[in-house]
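Throw the hints in and build the complete structure from the sequences for me.
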Amino acid sequence: MSIGGLNVSERNFLSRIDLRLIALVFTLNVIGLINLFSATHGPHSREVETLFIQQIVWLTAGWTIFFVMTFIDYLWINRLVWFIYIVNVFALVYVDFFGKVVLGGQRWIDLHFFRYQPSETMKLCLILVLSKILITRNPEGPGMSMRDLLFPFVLLFVPFILTMKQPDLGTAMMLMLIGGTLLFFVKIRKSILVTLVVLGAVALPVIWKYALKDYQRHRVYTFISPDSDPQGKGYNSIQSRIAVGSGQFFGKGFRQGTQSQLEFLPERHTDFIYSVLSEEWGFVGSIAVLTTFVFLFLVCFEIASRARDKFGALIVVGVSSYLFWHMFINIGMVIGLLPIVGVPLPLLSYGGSGMLTTMAGMGLISSVAYRRYLF
Amino acid sequence: MRTQYISNPEEARDFLNRYRPFYIFVTVTAAVFCLRLMWLQIINGRELRQYSEKNRVKQTKIMAPRGLIVDRDGKALVENLPGFEAIISPQYIEDLKTLSENVAPIIGLEPAKLTEKIIRSKKLNGPFSMIRLKDNLTREEVFRLKRIRLDYPGLEIRESIIRYYPLREDGAQLFGYVGEISKKEIEKLNKKNAPDLSFEQGDIIGKSGLEEHLEKKIRGEDGVSFVQVDAHGRQTVTEIPNIYGEQIKDIEPIHGNSAMLTIDRDVQLAAYESMVKMNRIGAVVAMKSNGEILAWLNSPSFDPNIFTTDVSTKVMGKLSTDPFKPFRNKVIQDHFWPGSTFKPFVALSALQEKVITDKTIVSTPGQLWFGNRAFHDHNKNGFGSLDIYGALEKSSNVFFYKMGIALGVDKMYNYISLMGLGQRTGIEMDREAPGRLPSSEWKKARLGEEWQPGENLTMAIGQGYVTATPLQMAVAYNTIGTEGKVVKPFIVKKVTDHEGKILFERFPAEVRDITLPQPNGFKIDRANFKIVKEAMRRVANGSSGTARHWKVPGVEMAGKTGTAQVMSFSADQIYQSCAARPIQMRHHGWFVAWAPADKPEITVAVLAQHSCHGNTGAAPIVRDIIEAYYKKYHPEIIKEALKKNPNARGAATPDNNKPGGSVGGDD
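Heads up: the sequence lines are chains Y and W, in that order. If you read the first sequence in my numbering, its first letter stands for residue 1, the second for the next number, and so on. If you read the second sequence in my numbering, its first letter stands for residue 1001, the second for the next number, and so on.
None of these hints come from the bench; they were simulated from the model. Since the model is a prediction, treat every value here as computed from it, not as a measurement. Be aware that a few hints might be false.
Coverage of chain Y stretches by chain W, computed from C-beta distances (three or more under 8 Å per stretch; other residues unrestricted) [claimed, not checked]:
id, segment
1, 281 to 288
2, 299 to 313
Some chain W residues judged to face chain Y by a derived CB distance under 10 Å, without partners named [to be verified]:
id, residue
3, Arg1013
4, Arg1018
5, Met1038
6, Gly1045
7, Thr1115
8, Ile1118
Idealized CB from N, CA, C, for every residue including glycine.
Structure representation (structure tokens):
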């Protein structure tokens, strides 16, 4: 079989690999590093050099994983899916009971050289396991019935509840969004979709009252009315908005951002990294990053639609949704459109678990792209 | 097969029409974000920029005052004084050149240097890091800077705290000094103190001595002050509504904990006064018999107060090239030949080993031939027949050569190590030297050579491989005085927080009683201690004792003088007058003693470097220190004794410098 007049055997490594994907991810990496340097080198920063160098280490490791993933046939991974899913669930259980407590949540397993966050890798495992079972569902016709959905729901709720328990509302919600996107993609019956939405609306007050912690409720309050408590809970939200807005059109310049350098911004190197960028590089910089992300999604969708099989397509859709929802919630929160939730911005925020997971996911997409011509 | 099924491309096409909502959602999101960014950054940008600039709260560090260091009576040894410092925040500088031209001369700096300093810091630490231009401003400087401050945004005069050392040169190596942390130190200290403490640029830390050793305990916790400032860094009353609602409250610094030492300021001052009066180089340590250090000083010394301002390179250069090393804490960091002060240890070994008894008479000619070499005494004609009392009183070399031959190195090693020589005393100070007490095994392992019989002779008079720190000598002599009790000397009595709560307290501790058998199977009987104690009492009180000329009225001291060569001399140089040599070639003099002779309260070790003799060089200082101690704690004894005999201090000065009077190695 040939496409565009070329024979499969003539295609070398460089033309099979998706260079657009690599270029876009790399661009975001570089922007991320420049920005992280500024965020970690303020006048009062501590451990400055270590954080920045750590990130470079994570990036290097991330790209290694990316290329390893690219060259592994994802159909081979398909056979291991159940195993890694179960291992990951056990890791979550372990964390819930023996994990390191940081900022009021138990999220980590200390591996000494690295603090492993099982909820982060769970996002990928969930994508894989759902993709594996959803290939048998038929997107033609009316969509999945309640019976079709039962098993996927179980696979989704187990890690969701374990993550909620840590408590890590942000990641739990992210699992829901990623899983939901995949189910939606494969098609759900309209009647069930409506029922779920209604059920969700009813459940919301119940969750509000019983499932959420005080600090989580506060975040929502302050989102609705941030000025009610400007020094307390609304502080982050206001400071972030001031940071973004004060960047104006061209920004204040590299390392010149008063909001970030003088530490008005909390969590500058992780959750609020985009505010640092917006303050120092202004509207121009903010839009540039946003556009790069949009291009990345477009490339991903295109790769998905040209995948050689359903499993590949579903993986790409899952990983893209992972990337999209992180970006959506993080930037939405930073620019004051969404409440403050602890979700990092992929490829830009500091963090080992996040960086490695993202790069592994991008590697999976690359793997699908690599095999798109091998029909 | 299943894998064949999932890799069916036709199936993948089923999804093709499912992507549309995704494209739409991404596009809508991007559009909404884009609009929001425009709203914030372009439409509201100016207002928000104003918020970020005009309504800025500046955080500045309020340095916590370091804890005081006081003596055993609570009198200040190290304290804090208020002062002023000049600071500049680079981000507010409008015209660097004119600023440098006008500010630099006031603080005594080249304008070009100031410009360079600011540019370098900006490059290194970013524009928001404040730069300390000068500490410890004079009133004149404060006045002149205040007058021009408004013309140069970013320039500030802040109150600061200056560490003050009222004793100045006295005990400077013990108390140490403070200075601004260096980049290397930030890294090192942050690694060492990881979770509990963190240091940053601009911090003042202890650089040596107790200031360094007690850093963690006395540094306190810095506070933060939040000041609302305008775009020029000046404190303002805002016209624009305050986005923070109200002023954020300052975090007050927590005063560092105070340390109370075992040092007695009066004894310390007397010791220093005596050293200065005699113009001596060397080390002094005075200890209570339970191990509490009373005085500790080294000479020459430096004034630690110079480090609180910028030290001039000239002063620094002079101090660091001084051949007598003013920064060394010689009391524990340097070890020396003990010379004749080693003889009491050999005497104890010989008595315990039954080489002699207190009745044994030994003939001591002017020299002793051993092998094919003559070993000299410092008295050309010898001392005739001596028992152990006479031998120590007159400090006969030949007597102890004979003891050395009879005992051998390893017997001496086993007994003398009981008294702590060759081991660190364990005092809570950094960089203590262990000194050296040789054994044949040590020589074999270290130098790969057999122990030579001749070396037993040199060892027996405290030369050759033997070395000890002044503190080790004090502890070992204290062991003789207390008849077998080895104590662990200490200097920090307690640490209290700013409310007076005791956080840490140390009590005297006896390490071992060597009248009981020790792990190496050796002990020294109380009766033998009594013999040596009596002999050492005679050193200071007997008719021919080497230290008889220096007395504390009403109190008997017991001790031993010693002289340590600084180098070997050829035969014709041996009898040359020590004082005729250049200073760096003169012998070190030792005197180590305790009082009262029968039941010691205080033990003092003085090493007077290049003073030629232990008696004239070191004994007067020991006397002055013990006298100061008695004046303070038992004034009635001294008063009464002086009433009876006004010359009770024994102020006579012997002529020790006549040619032939002294042989290198002894008094």
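These are the hints, each one checked on the structure:
no.	hint	in the structure
1	281 to 288	holds (count 4)
2	299 to 313	holds (count 10)
3	Arg1013	holds (9 Å)
4	Arg1018	holds (6 Å)
5	Met1038	holds (7 Å)
6	Gly1045	holds (4 Å)
7	Thr1115	violated (20 Å)
8	Ile1118	violated (14 Å)
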